[in-house]
Amino acid sequence: EDKVVQSPLSLVVHEGDTVTLNCSYEVTNFRSLLWYKQEKKAPTFLFMLTSSGIEKKSGRLSSILDKKELFSILNITATQTGDSAIYLCAAFGGGNKLTFGTGTQLKVEL
Amino acid sequence: DGGITQSPKYLFRKEGQNVTLSCEQNLNHDAMYWYRQDPGQGLRLIYYSQIVNDFQKGDIAEGYSVSREKKESFPLTVTSAQKNPTAFYLCASSIGARDGQAYEQYFGPGTRLTVT
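Going down the list, the sequences are from chains A and B. The first sequence begins at 33 in the numbering used here and counts up by one. The second sequence begins at 20 in the numbering used here and counts up by one.
I should point out that these hints are in silico values taken from the structure, not numbers from a laboratory. For clarity, every value in this text was computed on a predicted model and none was experimentally measured. Virtual Cβ for every residue (Gly too), placed ideally from N, Cα, C. Among the clues, some could well be false.
[Unchecked claim] Sample of chain B residues at the chain A side, in silico, Cβ under 8 Å:
| id | residue |
| --- | --- |
| 1 | Gly59 |
| 2 | Gly61 |
| 3 | Leu64 |
| 4 | Tyr67 |
| 5 | Leu109 |
| 6 | Glu123 |
| 7 | Gly127 |
| 8 | Pro128 |
| 9 | Gly129 |
Work out the full structure: start from the sequences and follow the hints.
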């Protein structure tokens, strides 16, 4: 059975801190790993990672994939209150479907 | 405006009634998906369709049914057989997987269903 595990489950930090969110996966016929941010309703797409060791960056967010160790991390530097959200990791594998983790709930306080 | 629409935003039903949730997309995407989200459980796949007139069960299909008669539309029916239907339901679409390449899924705003 395909599985995606995220850690920590929740995290509270202060504005300006740097955070690292973790995602490990066991997925048959793995093709890619995706990160989403979910604030109130619909998850919004952040990154898709296909190749090992190549960092993807968007502003203060970055992510990298390790296909040998089967994990990915999402880094957020200089956090702001607007970064408060649930961050979802999902792995795309056999059957052309995504398997999601339970998410990491991030709260950024002033 | 291109995107995915779900209606209604909130839905209330009595136990024992079937209810149909709407999902429409004008992105010309081949693949569409239905997920259920419960607190602390992430997203779980109910059904998905990669092409018109074809769909597959996801991880928690029991008590649900779908149809895909048009490319733009993928309605989900929550039947009375679903034991715990109260949840947040999300529809998504993507170009689909082609030539071994995966593509990101885009989500609609969701429907919050409450069954009492």
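Which of the numbered hints above does this structure break? none
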